[in-house]
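Peer 1: Sequence:
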Amino acid sequence: MCEWEDGHYGTYGFRFQDVLLNSVANIWVIGRDVKKPDECYDWHGLQRKDVGTYVFQYTLAGSGRLDINGESYSLEAGEAFIVEIPSDHRYYFPSDSKGWEFIFITLVGKEVAACWRYMMEQSGPILKVPPDSKLIQLLLKIYQDTMDQKITDAYCASSKAYEFIMECYRFIKNIEKVTKGFSQEITKAISFIQTHYHEPIALDDIATVSGFSRYYFIKQFQHQLNLTPMQYLTKIRIQKAAELLRVTNSPVTEVATQVGFANANYFNKVFRKAVGVSAGTFRDSKGVVEIDHLIIE
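Here the working numbering is used: the first residue of the sequence shown is 609, the next is one more, and so on.
Simulated from the structure, these hints should not be mistaken for lab results. A couple of the hints might just be wrong.
Stated by the list, open to error - Simulated restraints, written as ranges between beta carbons of each label pair:
(1) N873 x G678: 54 to 64 Å
(2) K881 x L654: 47 to 57 Å
(3) D696 x T889: 30 to 40 Å
(4) G678 x T760: 42 to 52 Å
Built from N, CA and C at the ideal position, the CB exists for glycine as well.
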């Protein structure tokens, strides 16, 4: 088994002395990484030093592979896998993959063990999860909070771990409703937008990721999400901007840049149209606007 090498994003480990919190539910490791051709990434569940841990790993782009229970699964964008350590499984970056971008969380505790058993019984080791689902958005938020050093003690980490497993239960119980209507191609596009919204991406970039022609992609995207691709991109950018306005003191011009707007004046115009108030007013008026129900015409 090769040793882990930190990627562009980074991996964060949590080691707390509170035995009670660790025994219930807590975070062991969380990370995000990008693997490129010829890079080594290969984990075997019976050859690891950590014991009694539970992995949830979600593919954002590209593909990886999981071998478990005599089956081999290709892990595509929009798919997660769950495994227990130790157990007889192997997940790795295959030689025929052009790249693999993923985010993962490893948890510990008896409540986590119960949740993983339930998910395995209901859905098996592979879960198809839309990138804009509450489950994946929560995972991305926990990772961002970790990067921002907001998870500073065992109590905070334990609450995040418990929130994550509760969202796992919610997802499994509503899995048919959540996954209905999202094709693999559109899921790839959504994942790309969720991951690269802060970059100057264009419609052609998103269409290329889906594998569809530009015209057919627009038609399929709008049919499945009731939004055009660029409307969806704008929605995500405004939602991310709203989060930054709430939790940081960064100037509005800086927030605009961080979510992919090259022009602050245009950002303010779009924000006001989408939310109903200016970015500055939104920041100063907590609780006025419910972003979870943001609609962009």
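Peer 1: All hints, please: hold or fail.
Peer 2: Taking the hints in turn, this is what the structure says about them:
1. A beta carbon spacing of about 59 Å between N873 and G678 agrees with the range 54 to 64 Å that was offered as a hint.
2. Restraint check, K881 to L654: a C-beta distance of roughly 55 Å satisfies the suggested window 47 to 57 Å.
3. Between D696 and T889 the beta carbons are some 56 Å apart, a value that contradicts the proposed interval 30 to 40 Å.
4. Distance hint check: the CB atoms of G678 and T760 are about 43 Å apart, consistent with the given range 42 to 52 Å.
Hint compliance for this structure: hint 3 alone is broken.
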